[in-house]
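All chains, please: the whole structure from these sequences, using the hints.
Going line by line, the protein sequences match chains A and B. Each residue of the first sequence is one higher than the one before, starting from 1325 at the first, in the working numbering. Each residue of the second sequence is one higher than the one before, starting from 6 at the first, in the working numbering.
Hints were generated in silico from the structure; no laboratory data involved. Positions of the beta carbon are idealized from the N, C-alpha and C atoms, including for glycine. It is possible that part of the hints are untrue.
[As the list claims (entries may be wrong)] Derived Cβ-Cβ restraints for the label pairs, each shown as a range:
1) B:Leu65 with A:Gln1369: 20 to 26 Å
2) A:Ser1407 with B:Thr31: 24 to 30 Å
3) B:Val57 with A:Ser1338: 49 to 55 Å
4) A:Arg1391 with B:Thr105: 29 to 35 Å
5) A:Glu1400 with B:Leu65: 40 to 46 Å
6) B:Ser59 with A:Lys1384: 31 to 37 Å
[To be verified] Heads up, simulated SDA-like pairs for lysine to any residue below, C-alpha to C-alpha not over 20 Å straight-line:
7) B:Lys36 with A:Gln1369
8) A:Lys1376 with B:Gly102
9) B:Lys36 with A:Asn1423
10) B:Lys62 with A:Ala1421
11) A:Lys1376 with B:Arg103
12) A:Lys1384 with A:Thr1433
13) B:Lys23 with B:Gly102
14) A:Lys1376 with B:Gly104
15) A:Lys1380 with B:Thr105
16) B:Lys62 with A:Thr1389
17) A:Lys1376 with B:Glu106
18) B:Lys62 with A:Asn1326
19) A:Lys1380 with B:Lys23
20) A:Lys1376 with A:Thr1433
21) B:Lys36 with A:Gly1420
22) B:Lys36 with A:Ala1421
23) A:Lys1376 with B:Gly100
24) B:Lys62 with A:Asn1423
25) B:Lys36 with A:Thr1419
26) A:Lys1380 with B:Glu106
27) A:Lys1376 with B:Thr101
28) A:Lys1392 with B:Arg103
29) B:Lys36 with A:Leu1370
30) B:Lys62 with A:Pro1418
31) A:Lys1380 with B:Arg103
32) A:Lys1392 with B:Gly104
33) A:Lys1384 with B:Glu106
34) B:Lys62 with B:Asp35
35) B:Lys36 with A:Pro1436
36) B:Lys62 with A:Gly1325
37) A:Lys1376 with B:Thr105
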Amino acid sequence: GNSVTQMEGPVTLSEEAFLTINCTYTATGYPSLFWYVQYPGEGLQLLLKATKADDKGSNKGFEATYRKETTSFHLEKGSVQVSDSAVYFCALTPTGANNLFFGTGTRLTVIP
Amino acid sequence: EADIYQTPRYLVIGTGKKITLECSQTMGHDKMYWYQQDPGMELHLIHYSYGVNSTEKGDLSSESTVSRIRTEHFPLTLESARPSHTSQYLCASSGTGRGTEAFFGQGTRLTVV
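Written out as structure tokens, the structure reads:
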């Protein structure tokens, strides 16, 4: 079946620290992979995506690389800001489908 | 900017009342979804639709029902609200094609007292 396993949180970092949130997946074929972000009191919004192996998605200083050999899509940012405090969701859509399968979410808090 | 709207944003209602959560999108998307988000943040798909007059139940069993009479509109109804229905409800829509992202509304936070 299709599933996403995401690093448990919460994660608390100081401003300018390096961030990694691990995400691994199980899927047949070649799924599309996504990171969504949910700011307090809001819905989810797309942060970045990748649709094939070795693609790197990037946005707002965040990056994630589609690694088929390790079935991973880890989210990284070199220097976090207080404004990055949010919940981050890893997700996939299987080949030929549009249903999103989400990880459990990781809450990030960045302190000044 | 995502053009998908949910109303109301917040709702407090008594047990046994009938409620409808509204969701509309102006992007012409065929696919629409309802998710329930528990306090632990996890998202559970409760309903989806692939087009007009098409509705399916999601992975999480829900006592709610949905309808899709128009492409842009995907309301969710609870015939008799209970405290166990207290949750955040998120509506989303997406186009077709590989790698197409989903757009989410801001959510409705429902409290049943």
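Cross-check of the supplied hints:
1. Taking 20 to 26 Å as the suggested C-beta distance range, the pair Leu65 (chain B) and Gln1369 (chain A) conforms, at roughly 22 Å.
2. For the pair Ser1407 (chain A) and Thr31 (chain B), the beta carbons lie near 28 Å from each other, so the given range of 24 to 30 Å is met.
3. In this structure the supplied range 49 to 55 Å holds for Val57 (chain B) paired with Ser1338 (chain A), their Cβ-Cβ distance being about 51 Å.
4. In this structure, Arg1391 (chain A) and Thr105 (chain B) break the distance hint of 29 to 35 Å, their C-beta atoms being roughly 22 Å apart.
5. At roughly 31 Å, the beta carbons of Glu1400 (chain A) and Leu65 (chain B) sit outside the given window of 40 to 46 Å.
6. For the pair Ser59 (chain B) and Lys1384 (chain A), the beta carbons lie near 35 Å from each other, so the given range of 31 to 37 Å is met.
7. Distance hint between Lys36 (chain B) and Gln1369 (chain A) is fulfilled; the C-alpha atoms sit about 17 Å from each other, no more than 20 Å.
8. With a CA separation close to 14 Å, the supplied pair Lys1376 (chain A) and Gly102 (chain B) stays within the 20 Å bound.
9. This hinted pair checks out: Lys36 (chain B) and Asn1423 (chain A) have alpha carbons roughly 9 Å apart, not beyond 20 Å.
10. The straight-line distance between the Cα atoms of Lys62 (chain B) and Ala1421 (chain A) is roughly 16 Å, inside the 20 Å bound, and the hint therefore holds.
11. With a CA separation close to 10 Å, the supplied pair Lys1376 (chain A) and Arg103 (chain B) stays within the 20 Å bound.
12. For a cut-off of 20 Å, the pair hint linking Lys1384 (chain A) to Thr1433 (chain A) stands: about 17 Å separates their Cα positions.
13. Taken as a hint, the Lys23 (chain B) and Gly102 (chain B) pair is broken in the structure, with Cα atoms around 37 Å apart against an allowance of 20 Å.
14. With a CA separation close to 9 Å, the supplied pair Lys1376 (chain A) and Gly104 (chain B) stays within the 20 Å bound.
15. Distance check on the hinted pair: Lys1380 (chain A) and Thr105 (chain B) sit about 16 Å apart at the alpha-carbon level, within 20 Å; holds.
16. Restraint check: the Cα-Cα separation between Lys62 (chain B) and Thr1389 (chain A) comes to about 33 Å, which exceeds 20 Å; the hinted pair is violated.
17. For the proposed pair Lys1376 (chain A) and Glu106 (chain B), the alpha carbon gap of about 15 Å is at most 20 Å, so the pair holds.
18. Proximity of Lys62 (chain B) to Asn1326 (chain A) is assessed by CA-CA distance (about 17 Å); at most 20 Å being required, the pair is judged to hold.
19. For a cut-off of 20 Å, the pair hint linking Lys1380 (chain A) to Lys23 (chain B) is broken: about 46 Å separates their Cα positions.
20. Taken as a hint, the Lys1376 (chain A) and Thr1433 (chain A) pair is broken in the structure, with Cα atoms around 31 Å apart against an allowance of 20 Å.
21. Using a Cα cut-off of 20 Å, the hinted pair Lys36 (chain B) and Gly1420 (chain A) holds, with the two alpha carbons roughly 14 Å apart.
22. Under the criterion of a C-alpha separation no larger than 20 Å, the hint pairing Lys36 (chain B) with Ala1421 (chain A) is consistent with the structure, at around 11 Å.
23. With a C-alpha separation of about 19 Å, the suggested pairing of Lys1376 (chain A) with Gly100 (chain B) holds against the 20 Å cut-off.
24. A hinted pair counts as satisfied when its Cα atoms are at most 20 Å apart, and Lys62 (chain B) with Asn1423 (chain A) qualifies at roughly 12 Å.
25. Distance hint between Lys36 (chain B) and Thr1419 (chain A) is fulfilled; the C-alpha atoms sit about 16 Å from each other, no more than 20 Å.
26. With a C-alpha separation of about 16 Å, the suggested pairing of Lys1380 (chain A) with Glu106 (chain B) holds against the 20 Å cut-off.
27. Among the hinted pairs, Lys1376 (chain A) with Thr101 (chain B) is consistent with the structure: their alpha-carbon atoms are about 17 Å apart, no more than 20 Å.
28. Between Lys1392 (chain A) and Arg103 (chain B) the CA atoms are separated by roughly 17 Å; this keeps the pair inside 20 Å, and the hint holds.
29. The straight-line distance between the Cα atoms of Lys36 (chain B) and Leu1370 (chain A) is roughly 17 Å, inside the 20 Å bound, and the hint therefore holds.
30. Straight-line distance between C-alpha atoms of Lys62 (chain B) and Pro1418 (chain A) comes to about 18 Å, which keeps the hinted pair within the 20 Å bound.
31. Among the hinted pairs, Lys1380 (chain A) with Arg103 (chain B) is consistent with the structure: their alpha-carbon atoms are about 16 Å apart, no more than 20 Å.
32. At most 20 Å may separate the alpha-carbon atoms for a hinted pair to count; Lys1392 (chain A) and Gly104 (chain B) meet this at roughly 16 Å.
33. As the CA atoms of Lys1384 (chain A) and Glu106 (chain B) are separated by approximately 17 Å, the hinted pair is consistent with the 20 Å bound.
34. Restraint check for Lys62 (chain B) and Asp35 (chain B): the C-alpha separation of about 16 Å stays at or below 20 Å, so the hint holds.
35. Only pairs whose Cα atoms come within 20 Å are accepted, and Lys36 (chain B) paired with Pro1436 (chain A) is rejected, the gap being roughly 41 Å.
36. For the suggested pair Lys62 (chain B) and Gly1325 (chain A), the alpha carbons sit about 18 Å apart, so the restraint of at most 20 Å is met.
37. Distance restraint check for Lys1376 (chain A) and Thr105 (chain B): the Cα-Cα separation of roughly 13 Å lies within the 20 Å cut-off, and the hinted pair is therefore satisfied.
The structure fails to meet hints 4, 5, 13, 16, 19, 20, 35 from the earlier list, while all remaining hints are met.
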